[in-house]
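If you want the building blocks of each chain, they are given just below.
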Amino acid sequence: MHDHRNAEHHHRSHDHDGHDHGHEHEGSELSEMALRVKALESILVEKGYVDPAALDVLIETYETKIGPRNGAKVVAKAWADPAFRDWLRQDATAAIWSLGFTGRQGEHIVTVENTPTTHNMVVCTLCSCYPWPVLGLPPVWYKSAPYRSRAVMDPRGVLADFGVTLPETTEIRVWDSTAETRYLVIPMRPAGTEGWSEDELAALVTRDSMIGTGLARDPKEVRP
Amino acid sequence: MSRHEDIAAAVCGVAPLPRDDEGPVFREPWEAQAFAMAVTLHERGVFTWAEWAAALSAEISRAQAVGDPDLGDSYYRHWLKALEQLVAEKGVSSAAALEARRQAWDRAAHATPHGQPILLENDPLAKD
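Chains D and P, in that order, are what the protein sequence lines are.
Mind the numbering: the first sequence is residues 1 to 224 in full-length UniProt numbering, read in order.
Mind the numbering: the second sequence is residues 1 to 128 in full-length UniProt numbering, read in order.
Hints are supplied without guarantee of correctness; some may be wrong.
Unchecked claim - Pairs of lysine to any residue, SDA-like flavour, derived with a Cα cap of 20 Å:
(1) D/Lys47 - P/Val46
(2) D/Lys47 - P/Glu121
(3) P/Lys90 - D/Glu46
(4) P/Lys81 - D/Ser42
It is worth saying that the hints were derived from the structure and are not from the lab.
Nothing here was measured: the structure is a model prediction, and the numbers come from that model.
The following block holds chain P by itself, in its conformation from the complex (with noise of 0.2 Å):
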């Protein structure tokens, strides 16, 4: 650690900074789609811009505040929680129904032999 670093941190108690190189944009496909979601919503009029930014540094905040220590790598698990939330403050989709939904892929997903398509139809509940 430099001496800059080392007094940085004793100044704002936080970590050195991560670091990375011009790597991929999305390090697992769900970031990627939540990003694309919430993309796509604003362009429906879902929500404006201002509200989405509002969202998202509202979950950092919390997420910070209960002891994330926010290198970066946890910023799409902030920006799916904050999508989560305006789908269900725009009356989109209510937290309970996203909520079943996903119980119903978990048993989907189970459900599903290693190596094929996990298909919402193969949860078992469903089928009636």
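Pulled out of the complex, with its shape left as it was, chain D reads as follows (with noise of 0.2 Å):
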């Protein structure tokens, strides 16, 4: 497991400047973004709000054990499964829960799946609402201003950035996330993978099929 306690010992940001660092040989230097977390955590340690400790095992947990994986077992058994998905569309939040992937920003989600006439993508156009419970925690671009605007108003641009071209006949719907809602693509499956196991099935998406910014994988990569 890695030390976020001082693992950040030796950082120096570039925006910190203003000492001249050949008169520091001494002393330590911590950047301005981790002198005011320290801050923070160590006053809400000092008032009980937070346990260290405890910090740490959340951190563990997004970095190695939540992540889009789930999201893929989620899609191969809504693929392998015609109840299953049946189960998503009617309560996909309940559906979800019973495979275990449970806990925080997966109170309310839905699924939204793709067709050969409707594509699917997510944005979060305020901030970056994402279903941590099967995605694990956003990538950086869906957190970044061109995403969150052009997904809305240019959804066929951002689709060519990825590399994904549909037919002009397919229609591209773009489903904005809330604090409360929470969306979750299902790819089309792909052709040629009658009989694959669930886990097959798995190794297919990705996470980017899952926001709807590419499609499940071409099955000859999986199994040549």
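The two chains are supplied separately, each in an independent frame; assemble them into the complex guided by the hints.
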């Protein structure tokens, strides 16, 4: 596990200048951001709001345990099991919880299914609401202003940036996440995967395909 | 730049999308700690998630208004700022107390020899 307490010991942020580095061989330096975080954390610890060990456990969970592979299992099961797919349509939150993917920012998840005529894409125009239990924490581009604005104004152009070209006849629906509702895209199941196991199917499901900025992998990449 | 990007950039006046692989979730330890503190304070009931989302999106808008290109790499800066503001609003700790403590950590860091753990007790002004 990473040492979150002192790993920034030698870090010197580029925006923190004004000190003559040459004369500071004796002391240590913390970046401006690290100082502000330490200030807040030490006060919260003193007041009993947070426990440093619990913070580390939480961080490790998001770094190593919660990620897009959870969502890939949901998608694979939706492809392989029609009863599960129907459950997702009726109550995705409960269906996803049944696989054990519960927790923060998963209180109300809605799945949206891609079809030959409809492609779904997810954005959070205001901040970066995202279904953490199934996708982990959002990628940097999802949090960027260009994505947040262009996904709505020019979804086809955004898809082109990601190397995805859809037929002109395919309708693109853009879903704006909120603090209450998170969306998970169920990409189309690739042709030629009949009879594949859920594990094999899950290997076809990328993070971007569940945000709607990508498609499922070519089966030949997984099983040549 | 593709034709689509040219058009989109002209239309929206924004830069192309930053890209990343499925890389590390946090780029620096402080980002992870800021993330975890917000989640913990929410779970302790200090604020609702709707309040958090409102504070974060307000901070992002403010930063954009003063020229942050907001390419996702500054996200946790906005996150921390929103957290500091909510903490002050909810009466958990004032902005002045946070600033005083930040300065104490800075003095402590400078007083700590390289390679040793930085402790708040190392602040020369703390020993009174």
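### Message
I'd like to know which numbered hints this structure contradicts. Please list them from smallest to largest.
### Response
Of the numbered hints given earlier, the structure breaks none, since each of them holds.
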